[in-house]
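Asks: These protein sequences, in sequence, are chains A, B and C.
Every letter in the first sequence is one number past the one before it in numbering that gives the first Met the number 0, and letter 71, counting from 1, is 70.
Every letter in the second sequence is one number past the one before it in numbering that gives the first Met the number 0, and letter 280, counting from 1, is 279.
Every letter in the third sequence is one number past the one before it in numbering that gives the first Met the number 0, and letter 209, counting from 1, is 208.
Just the calculated beta-carbon pair ranges, DEER-fashion:
no.	chain 1	residue 1	chain 2	residue 2	range
1	B	E146	C	F110	51 to 57 Å
2	B	V265	A	R138	39 to 45 Å
3	B	G54	C	E142	15 to 21 Å
4	B	A26	C	A88	21 to 27 Å
5	A	S47	B	I177	20 to 26 Å
6	C	F110	A	N113	56 to 62 Å
To be clear, the hints were calculated from the coordinates, so they are not data collected in a lab.
Here a beta-carbon is modelled for each residue, glycine too, at the ideal position from N, C-alpha and C.
What follows is each chain in one-letter form.
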Amino acid sequence: MSIRVEHLKKRFGDFSTGSAGSAADFVAVDDVSFEVESGSLVALLGPSGSGKSTILRILAGLEAPDEGRVLFDGVDATHVHARARAIGFVFQHYALFRHLTVEENVAFGLDVRNVPKATSRRRANELLDLVGLGGLGGRYPSQLSGGQRQRVALARALAPEPKLLLLDEPFGAVDAKVREELREWLRRLHDEVGVTSIFVTHDQDEAFSVSDRVLVIHRGRLEQLGTPSEILDEPRTEFVAGFVGEVNVFPAEVANGEARVGALHAKVGAPDGHARLVVRSYDVKLWREDAGIATVERVVTLGDRVRVHALVDGAGSLVAQFPRRSSLLKNVEPGCRVQVEVTSARAYPRA
Amino acid sequence: MTARSNAEGSEHVRTADALLPGPGQRALRGLALAYVLVLVAIPLATLVVLAFADGPPVFVERVTDEVARDALVLTLGTGVLVGALNVLFGTATAWVLTRYRFPGRGALSALVDLPLAVPTLVAGVMIAVLYGPSSLVGTTFAAWDVEIVFAKPGIVLALLFVTLPFVVRAVEPVLAEIDVAEEEAAIVLGAGPWRVFRTVFFPALLPAALSAGIRSTGRAIGEFGSIVVVAGNIPFETLTAPVYVFGEIESGAPRAAAAVSTVLLVFALALYVGATWIERKVGARHAS
Amino acid sequence: MRAERDVGAPAIAPVEAAKLDARDTRGDRLAAGRVALGAVVVLYLAVVLLGPMGALVAEVSRIGIGEVLSAVLAPPALEALGMSIALVAISVVVNAFVGTIGAIALVRHRFVGRGLLGALADLPLAVSPVMIGLAFLLLVGREGVLAPVLEALDWKIVYAFPGLVIGTLFVTLPYTMRELAYVLEEIGTSEEEAAATLGASAWQTFWHVTFPNVRVALGYGLLMTAARALGEFGAVLVLGGSISGQTQTATTFIHDAVEERALAGGYGMALVLGAISVVLLALLEHLKHRRARALGRTK
Ligand SMILES: Nc1ncnc2c1ncn2[C@@H]1O[C@H](COP(=O)(O)OP(=O)(O)O)[C@@H](O)[C@H]1O
Ligand SMILES: [Mg+2]
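Input sequences plus hints: build the corresponding full structure.
Replies: Right under this line is the structure:
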């Protein structure tokens, strides 16, 4: 199913002070429009509180937008009740029915549609096999581990064969190692089942490793929509650039395609004038040179990477990252002078 | 080495020592136990022993006396009815108080606790004033030939007033604890309101509502103050067991009173044990 | 910068009414059900609780404030109220002491008889007050089991002030002890253990660590105790006999006044007790919020 969202807006009023619509209202989703192709796997990426869940819940019909429309396969579904949308939804904390067995949980969406019991049980067990939990149908949710519960939640959402699957931070509540496994597994499952899927995450690695396309959300606004490599290589806003990697930001002057701040300069594709220069920590080269433009403050080893903190003349502190065995790091130590070269950077005009 | 393992092995005792100190510990603990024994155990034991002092046949005779038996039946009947009504309306009240947002909700929620603080006799007086034969409501109903006060409806109303907080306060925290996402999951999967209630709410609420309902029945069968005012205490009509007991005391038949009291006590204890059993069972399941 | 470019103006397929009802009424029906349930609950509370309360207030003002005031301020009424307040004071003091010790013993100690202590402390909640009165009557009444002993000592308990005290102490026993036991259980022992490892003595631990943590709960339990003591009727009627000026309490005063159709005094005193209980309730609510906050903090 293809999805189209037009100018969505959602405010949250403060119950204690009065009705929605007052100036004190909080705008959780602000004029968001996008489209999702049928059959794709899309990530909604953004920091906590940016409005990702609210967008997802509007798609599911659990929240009504104040403005805008939601279209499924071109049909306006904005006012369709959640119950009638036939959407699969996976909640962050599983939300399994604790008084039902695993099998009953998975069969629930079929049972409420009066599918014959034999059929619904068969389908439930097929799905449990699919998610690798065959044979656990008789257990109660409390008897499963976090990762297992999340897979039950997924099976439950898939059982009624929804045309759209929504997942709200599906792996947020399981520990790091299981999370990694579940990610890969979700990708494979998606390719197998082929259902249009949108999942919410605040973890950029998760978004980039799993999805076809990524929507970056910030303060209720859609900052950028693109493939993972588009977003990594061409961040369209300073926020996106900063969110998808460790960056250095400097107030700079751009002239003739070159941004300058103090002794630092970098080629950029921005118009002349004031700008904010954004340099990724791994887009910086530096090496020991007494006539250099910066002084090293600290050298920190983080597993297989080394991070160098330096003070650039006239520009301020800068962080650069290198592979641990990089030849550039030779003799780089606190207090020494280094030369700095920016291999790639972007500048965003500022007022 | 031994000293160390001692200290580790007796953590409980150390904490306990820390709280009621040294040699005073036993004395104070003994005092509390003695207080409870003298105040509760000995008098109630006396009551039960004297109920049987004239022999079991006399006991049976006393509790199967027509008036006594009828009072016991009325008391248990109204008690069970009130328990059931509490389960129903108490759950509904808790539902509205936790899930609705409306002005005055906090005040209404606080008012539900009022029967805990209002003397039950005063509750009876209030009910009698509103629904009594000479009141506006009373005369209206009398025109339809329905008596409230000095009749069974008055007893039920008084008992409902007195036991109002039981189910509401037991169900509220359970309702508040239910994960909204569980409800939303059911809706998204296509469940209608009843199905959502049956799947998500009912199993969670049932033990709490049931045990509190049983407690309210236990409370109701012992109720005296409010009943004395509203019931009219007519034998075979509105005479409840506690009022019958009071009447027997007044007319100098304390052993007959003790016999009926013993029956009431057995029912009250059975209800208490039943409610506690349900709560334990649920608690144990939550712990797992 | 936003992805508006992705949304041009392509043709939007016509609404398929069969599949997606653009305006489905499920939500409306649900809203109607919500309103109905709200109405039922409000009606229920009005019939059972609010109506009767309002009726008493209305009745008192119908009788006339002046008449009611003079009845409530008359010596028998004031003596009865004073008697009730004395009983409240005694039960609060005794329960503060016994309730604290009992709760600590119940929760922190392991000893033979602990289960018995817990069960007996709960029992008064399950027993009719009339029965309590009867039980003491059978024990220490004029023809009670201990009557010869009491006569020899020249102690009079039943139909005297000690009888009122015993009855009130019985019915108020559970409140403070249960409340404290619950909170002691909730807060656990880690703070007490920390104090012990820091070298605090038993009393220091109690006064500086445990007591501050249970102070709110103690207040709550004692307020419940006060409310219960003030409102007790059955036990004090049986054990005291409601002798005006000697063993008549506020509640038995109301009972007698209503029986004798002295409604100004009866309803007036009922309103006084009702008003006191509203004040107690307000204090209880206040403490409930503080307790909720305190428990949230220690967890
Ligand atoms: N029901 C609600 N009432 C009030 N504010 C809300 C509600 N739901 C979300 N918000 C607010 O809207 C903002 C966006 O929330 P959410 O969509 O949950 O963010 P995210 O999922 O990106 O972390 C947050 O600031 C949150 O506090
Ligand atoms: Mg979220």
